[in-house]
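Engineer: Respectively, the protein sequence lines represent chains S and A.
The opening position of the first sequence corresponds to residue 4 in our numbering, with each subsequent residue numbered one higher.
The opening position of the second sequence corresponds to residue 4 in our numbering, with each subsequent residue numbered one higher.
Derived by calculation from the structure, the hints in this document are not laboratory data.
Wrong hints could be hidden among the right ones.
For chains that are exact copies, the list does not tell them apart, and a pair is met inside one copy or across any two.
[Stated by the list, open to error] Within a straight-line C-alpha distance of at most 27 Å, the following computed DSSO-like cross-link-like pairs (lysine-lysine) qualify:
no.	residue 1	residue 2
1	305	45
2	45	303
3	303	253
4	109	253
5	303	109
6	253	45
7	109	305
8	109	45
9	253	305
Protein chains: 2
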Amino acid sequence: MAPTLTVLNATAAGGRRARLVLPHQTVETPVFMPVGTQGTVKAVPQGMLESLGAQIILGNTYHLYLRPGHELIRRMGGLHRFVSWPRALLTDSGGFQVYSLSTLRKVTEDGVRFRSHLDGSSHFFTPEHSIDVQIALGADVIMAFDECTEYPASRARAEESLRLTMAWAERSLAYFHAHYPEVPWFDAQTRCMQCFAVIQGGMYADLRRQCAERLVEMDFDGYAIGGLSVGEPRELTFEIISEVLPLLPKDKPRYVMGVGYPDEIEQYARMGVDMMDCVLPTRAARHALLFTSEGRLNIKNKQFAEDQNPPDPACSCPTCSRYSRAYLRHLVQAGEPLAATLNSIHNLAFYLGIMQRVRESLEAEN
Amino acid sequence: MAPTLTVLNATAAGGRRARLVLPHQTVETPVFMPVGTQGTVKAVPQGMLESLGAQIILGNTYHLYLRPGHELIRRMGGLHRFVSWPRALLTDSGGFQVYSLSTLRKVTEDGVRFRSHLDGSSHFFTPEHSIDVQIALGADVIMAFDECTEYPASRARAEESLRLTMAWAERSLAYFHAHYPEVPWFDAQTRCMQCFAVIQGGMYADLRRQCAERLVEMDFDGYAIGGLSVGEPRELTFEIISEVLPLLPKDKPRYVMGVGYPDEIEQYARMGVDMMDCVLPTRAARHALLFTSEGRLNIKNKQFAEDQNPPDPACSCPTCSRYSRAYLRHLVQAGEPLAATLNSIHNLAFYLGIMQRVRESLEAEN
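Next comes chain S alone, as it looks inside the complex (with noise of 0.2 Å):
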């Protein structure tokens, strides 16, 4: 298949802007991806998303599989159609929400028998199981199966789960291959699912070496750095990011999952990092934090129930178009839905705008 990334520009620093072909959207990178855990990003339209500029848009397997059910979406022609969203999709392995939210998780070399976080009902996950349930899903990239490292953890128990992320990623990979065309729009001819695996490893450099060199000989589509955001300071975090980007293919998509501020991702887009997603936006924002051109705003602050600005007064999505700081104060204080609609659009569209600019920044830079 011909490459799906195409480098326009890259920097000294090591960033780059870059096109990377996905079956239902060319997505313009560095990107960032909000997320829709249950087939809808919370509180926000898809057509309203189509406005703001997102490309793609992320959904959890985890989720998705325990309600409706993957099967229910794959009779429903896949996950694009039954929520109505016409551009790309990724999809998780399900592995970070079996280690966060699920009960009762049992690790073995199979696979993973946890409890749902629904009902208590007992289910098994195995690296092919996982992408069986992506692929009738059928985002537009798909994340081999891994284990999440918790942290802290110690040498041993990192190391422990780096053997299975990598022994799992091999026959994600397996499946993958043997099983992709099963996608529900699978077209032979222009359109593939592509596959990424996740770097696991800790916050210990050399082991994060060891696993991307090794998932990188394995010549996935695509690269993720995982178990960052689980707790770690944000020093490690950048550390992390730092050593493992220069192992990467510079021909192939790289991203970072679960991250994070908006200062972060700014950073991380710089530093090469080409895809993004965080619950952040739309979850702060359901707790009336906004995030402005002037700060964090907590816009249920009784210093903003006469503040006739906008939210953010450099900011023209629809909500800083339309509304006050006052309203959108009143709103949070009498528990009223569009008080989340409302700020959900403001911080996606900070969040999408930050990555327009370092996008043309990049595209501008040496």
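Fit chain A to the given chain S structure using the hints.
Structural biologist: Same frame as chain S, but now just chain A:
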């Protein structure tokens, strides 16, 4: 002032197609008015209401008085500006919510003392105070302070309640005449806030008649039939509306408060009611009940789990144009906030669509 209502066509059955010029919007009637209790039609952004063709929405005086407070809204330039709604607004008098929501309600000749349902604080509403609050909110149409008669009510109780409503209407009107220029957007040349009276009288036709005649003598800008949808059978609602409508001046708008189901709003519009409001389309939407051309759908039912049809195949609203029943059912099952938004958009489109068709029909009929 020039008459604000122009009847464009009247039918033998009493129905009329008219045009009501209000300060912020020329309203084509019969009109359905979505309810924006706390300064927001729950879960639906203002821009979407405009797209759906909403010409006028309601605000609830009781709620807005308690939170964020009418003086705050006055300082913010009135409710239109505070919530960023450029079209027409109507506020109720607060009487209905004092009756239905507050605790320890004590009615005297002068007014009503009640405790807030939010924090138990004590408040006193008089006709003068209700009008003052409504002038601060600054809707296009405000309502005289009334006492809502409960159902069932003895004749003695209905008579006493009616006596208060009539006395309070007179005081409301006097206060309105003395103070309407205090509305935040006052413009003596072209724009004048309107004050409607509320006809009470319980389910006693002769009391309703007595009330209507007395209020018409007072010469309000319009007349509302209140105290309906309080638990009475639908035949009785119909009977009261039928009794009262012929008593009302033909050159003034007629408003039936708090109704109703889709077939009801059509029925009453064809009888000559110009304005109606109801929380039903949005409240039902939040409980997963959709009104469609094929009847009511409880979209959370299992039968819709794999139904790829739009919620209403005959509807072209943003929800029906993009999403399937299966997806809406999933959103409801997953407790996603987008469910309330998409369901509300459809139900409002359905209600507004009924009125659009009734207007076209009334324009063409003899």
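Engineer: Evaluate each hint against the coordinates.
Structural biologist: Do the hints match the structure? See the list:
no.: 1; hint: 305 - 45; verdict: both (26 Å within a copy, 23 Å between copies)
no.: 2; hint: 45 - 303; verdict: both (20 Å within a copy, 19 Å between copies)
no.: 3; hint: 303 - 253; verdict: neither (45 Å within a copy, 48 Å between copies)
no.: 4; hint: 109 - 253; verdict: neither (37 Å within a copy, 76 Å between copies)
no.: 5; hint: 303 - 109; verdict: neither (42 Å within a copy, 34 Å between copies)
no.: 6; hint: 253 - 45; verdict: neither (34 Å within a copy, 49 Å between copies)
no.: 7; hint: 109 - 305; verdict: neither (47 Å within a copy, 32 Å between copies)
no.: 8; hint: 109 - 45; verdict: neither (30 Å within a copy, 43 Å between copies)
no.: 9; hint: 253 - 305; verdict: neither (50 Å within a copy, 48 Å between copies)
Of the numbered hints listed earlier, those contradicted by the structure are 3, 4, 5, 6, 7, 8, 9.
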